[in-house]
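Colleague: Chains A and B, in that order, give the protein sequences.
Counting in the numbering used here, the first sequence runs from 1 upward without gaps.
Counting in the numbering used here, the second sequence runs from 1 upward without gaps.
Derived by calculation from the structure, the hints in this document are not laboratory data.
Quick list of the computed label-pair ranges, beta carbon to beta carbon:
(1) B:Leu18 with A:Trp255: 54 to 64 angstroms
(2) A:Phe584 with B:Leu13: 50 to 60 angstroms
(3) A:Leu621 with B:Leu18: 42 to 52 angstroms
(4) A:Phe219 with B:Pro73: 22 to 32 angstroms
(5) B:Arg71 with A:Trp601: 46 to 56 angstroms
Cβ coordinates follow ideal geometry from the N, Cα and C atoms, glycine included.
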Amino acid sequence: MKIALAGNPNSGKTTLFNAITGKIEHVGNWPGVTVEKKEGLVKATLNPGSRKMTIVDLPGAYSMSPFTNEESITRDFVQKESPEVIINIVDATNLSRSLFFTSQLMELGIPVVVALNKSDLIQKKEILVDTDLLSEELGCPVISTVSTKSSNNGLGSLVEAVQEVSMKKRNQQPLRVKGAKANATKEEMEQIDRNRFALVNDIVARVERRKIDSSNHTFQDRMDKVVAHKWLGIPIFAAIIWLVFSFSQSWVGPWLADILVGWIDSFYGFVEGIMGDTVSPVLSSLLLDGIIGGVGAVVGFLPLIMVLFFMLALLEDSGYMARVALVMDRFFKKIGLSGKSIIPMIVSTGCAIPGIMATRTIKNERQRRTTAMLAPFMPCGAKLPIIALFASVFFGENAWVGTSMYFLAIVVIVLSGLIIRKITGDTSSSYFIMELPEYRFPSIKRAIVSMLSRAKAFIIKAGTIILICNAIVQILQTFNWQFQVVGQSAPDTSILASLATPLAWVFIPLGFGIWQFAAAAITGFIAKENVVGTLAVTFAVTNFIDIEELALVAGSTDVMTVFGIGAVAGLSYLVFNLFTPPCFAAIGSMNSEMESPKWLWGAIGFQLGMGYVLSFLVYQLGTLFTTGTVGAGFLGGLIAITAMVGYVVFLMNRNAGKVLNPAVEEVA
Amino acid sequence: MNITRCELHTEYLIDSILASEEDMKEFLFTLGCYPGERIILISRLASIYIINIKNARYSIDKDLAEAICLRGPTERPSTGLMGKVV
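This is chain B alone, in the form it adopts within the complex (with noise of 0.2 angstroms):
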């Protein structure tokens, strides 16, 4: 699974990075973004997808997004949450 198939505003591991460009990696593990890392999906917008690392709110485009692996979620949402997913 990746970040644009997965769940709002929960909680996943990162699994592997895909990223074509090899310093690509290299720039997300600045970020905090590599395997074994948290992350969440804030929101999808028209070609974008807001992710939360550390934090920290970033925009990323749909290649992108296909390119971050997924394991989890690490915890079950709760229904308040699933309430706000549109």
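For reference, chain A alone in the conformation it holds in the complex (with noise of 0.2 angstroms):
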């Protein structure tokens, strides 16, 4: 048996679902989370009978006529693959405007349950709803639900309810909307419409009484006037994201790691103690410094991951994060973006797919195929082992890099945004508007359990692909082209290395032109925690991590030596590996977004441009501020960059006169 669940924005369906499935999908206190629709069975204890139920997530919708691309999925849906019950999610605050997508969910013909949601929130806020008169006036079952509690959440009555309807074959009534009827004429459509919300006033009007006008100034204005105000609004916002990044960074993550640093080195201890002396020198290397050490090094940065995601769970659930596209709103405007691509790259701090994905709540397409493109320049979850690596290496593990990063970041995307804007020459601008979710206190045990998922995925993934990386870096560098072991004398010859190299001169003008380097950055596009690994594996450092000291890596200065680089050049690593293009899988969902090759290609190639025009520029001026002179390379790196910024501004000017006429050009 199939159930579909629909409702309006922030509903609360994804809750209601991870509740009812036991599933872990990912959730937030704002419209436009979920943008595909998801699958799970119906968890056994809720479902005594013997029948399989499957429950189908799907993006949230105001109505049955579709606005963007997202909305449109839960209609197709509902309409093409007939599910046998429909759960209508209800948001019990907003009677008066949810009814309307109830009335039309009626009108399928499949039968209809009411899930009455966030009626915790009622009490509260003194609204009183007479849940069995809107069963009547509805003609189907109204069941009150708070999916947010684990426990007498109503869930175990809502699957009843929907037992109940599917064993009935009698069909519910749709509710009489005056001239209601097939085909439509658009005015006709319209009239009928105003009809509905007439009807679903009438509605409400009986089954609702409030107390408090959710007009009134309230505690949540309050808030808003200050945390989006014009000139605290992006100090506030900078405030809040150095405190997620000194919890993950400098305070509690790295204290975690340590501990979980000891545990890897014992288990490398361990395993080097088994093996004795019996295995080959090749294959105990390949397992200890290949698998053990290159993995260990990246999973040895989970604790900071893991309380970067507690933190942005908490930060999400709370309500702010819709804030922030208030406060930005006004900047991506002047870029031809809106507030409404703010929520995809606060999504991609996470990771990028979700956050590529997250475009579609996007309607115009130039705007969605270039937050698509600029989303990736996040630091995302992947992204962050590196950061913390060459902020400790480098500096002394200051919370400020993370943080710079994140802003730089931003400061990026508007500038591209402008570049974007005039390459393709559209000039228009839309409309924004999204509903404000209402604030809360977040939930920590939302926010572990966010983060224990996501915290599962990281070491799925250090377990597979990260891991074959891995060995498959210690192999090419532990062989030369004629199959022999390469000396620890001569690592210079080996294939890793006679690979990486002639990339590793393309690098001399940002100041990291070592092979090491340059293969660390190309397994970085398969998954960029294979950076950390495989700069791990290549200089044979087993953990970056210090076990004695509760500092992130073992003698800075040390690790230092080893890399060979100072302090900018380990900046401009840094940069280059943020802001190049993101890793392969994101790429791939890129590519899905945007449905263009053009912008697809262009987009990588920006990226490519954009990663190494700021590595330059961080560390020839960063080289000239420190020491005095410019550093290797500068006039070769001079040459290729201004061939990069000269294309571009050629690409810019190209569409200077015909931006009367946008729709002509595509996309340059």
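Using the hints, build the complex out of the two chains.
Modeller: Here it is in structure tokens:
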């Protein structure tokens, strides 16, 4: 039996889905978190019958006429895949809008069960809803639910009601909307929808009593006045991000990482002890240095990532993230985007793939593609180990490195947006409207669940892709082209070194023209965590995190000596890895959301160029300021970036003459 | 008059919607924002207006605020509310 979950955005569909199925899909306190349908089976504890019940979680929609891409998924599903029952989630605090969609769903001829969600909030707001009367008025079961609670949440009754209506073959009668008919013209449709709203108002007037009118100036508004203030908004946002990075990278994260790395080291010693001298050195080195060392170096950063995800989950749950969109809207307006583009970028702080998918909520095609192209610039969870590593090796594990990378990303995004708007010649702007979620005290439990699910994904990735990559890197650096073991004295003759050296030449103007760094940047395209793993393997550093002192890196200066580059080049390498194209999986996601090879290749080229130019500027200007002279390879690099910048300027000017007719040129 | 120039916390009736994008009009309709419906401006932030339609809060930008034309106010604001107007 297939059951669809449909309802308005941010009514709590995915939270209810998770509670019913026991799955851990991503939730957040803002509209538009879910952008594709997700399936799951109803938990055995809730489903006493023998019949399997599949629940399909759908993106939120306000009506059956879709406004954006993700809304059409919902309409298409309920119309074409004919689920047996629809659970319509209705935000109990907002009946007068939600029931509009309910009345449309009831016209499909599929039994509807209304889940009156957020029932706990109506008590707090002193709203009274007569659910029995509502059920009578609608002609379908209405069950009060609180999907955020783990017990006594009404979900058992909800599942029972669903089973009951599916047994009864008698069809529910749709609401009698005046003038409703199939094949109505557009004008007729509008009149019908007006009547529909009138009908809904009528029902709401009968079933609901409100003591507090939600138009009053509340605590919510006072909060908004502060956090979305014209001048205070950005500093507050910066302070919050700094706190997040401080907890993750300076305070709590490293302390936990120490404990974990202690275990990894013991495991290394344990495996080393078991193998003894009986195993061939090549094999033991592959297992110890390649696999345990490489994967361990990455996994050692897991606590930092978990703390970051925990903090981000708290922020998402609180409703603050939606306010960031308000703060940033006016800057994004200047570059032809809107506050809507902020949400995908915030989501990208966890992982760029869902971030890129979140662009579906953007209606304008150019804005959607531009956002998909720029969202991966945000430092995702996989880039965090790189940031943590370089921050600690070169900058004494300061939280400002992570924070400044975060804000550098925003600056780069704004700048890039401006360039892309010029290149496309599309100067259109579109309206911004977003439903404001309410602030609430974030749930520690939900944050822990979200953190653990992301940690699990990270560990799985470390145990598969990253393990394989590290093993391959170890093999490639162990042998030369004649398949002889490369001696300790001549690591530069290995297959890996000979493959990466030509590329290292390109990186000389950026300050890291060393083959190990080149190899790590390349493996980083497979997964960004690989950068740390490959550096660990190629420089033969088993762990980057000290166990004696509560510091991130064993004698920072030691690793710095091993790396053979200075702080300026270190920062340059960090910038290069953060602002070049994302991992292949994210590029694949860009491809499917952009739906244009021209845009995709343009985006990859742009991202490569951006990484190179930024990195060049960081290294050469940094060297100039610290030593008084420019760094190595300045002239060659200057020629390269002049060519890149020149080409972009050419593209920007090419459209200057035909701005009046942007529709002609699809995209440059 | 449009939203950018109306009083805070005062109920107005929507007179017309002059959105240049036709589907934005349709979208607003599904939220219950169409001529004849009630609307309240809750606050003005940096470049954003927070409005209340049918007990839900939305943030809209200046362009959209200018596109929503109002009639009213439907009731005289009480002095208590006026005091809160910043």
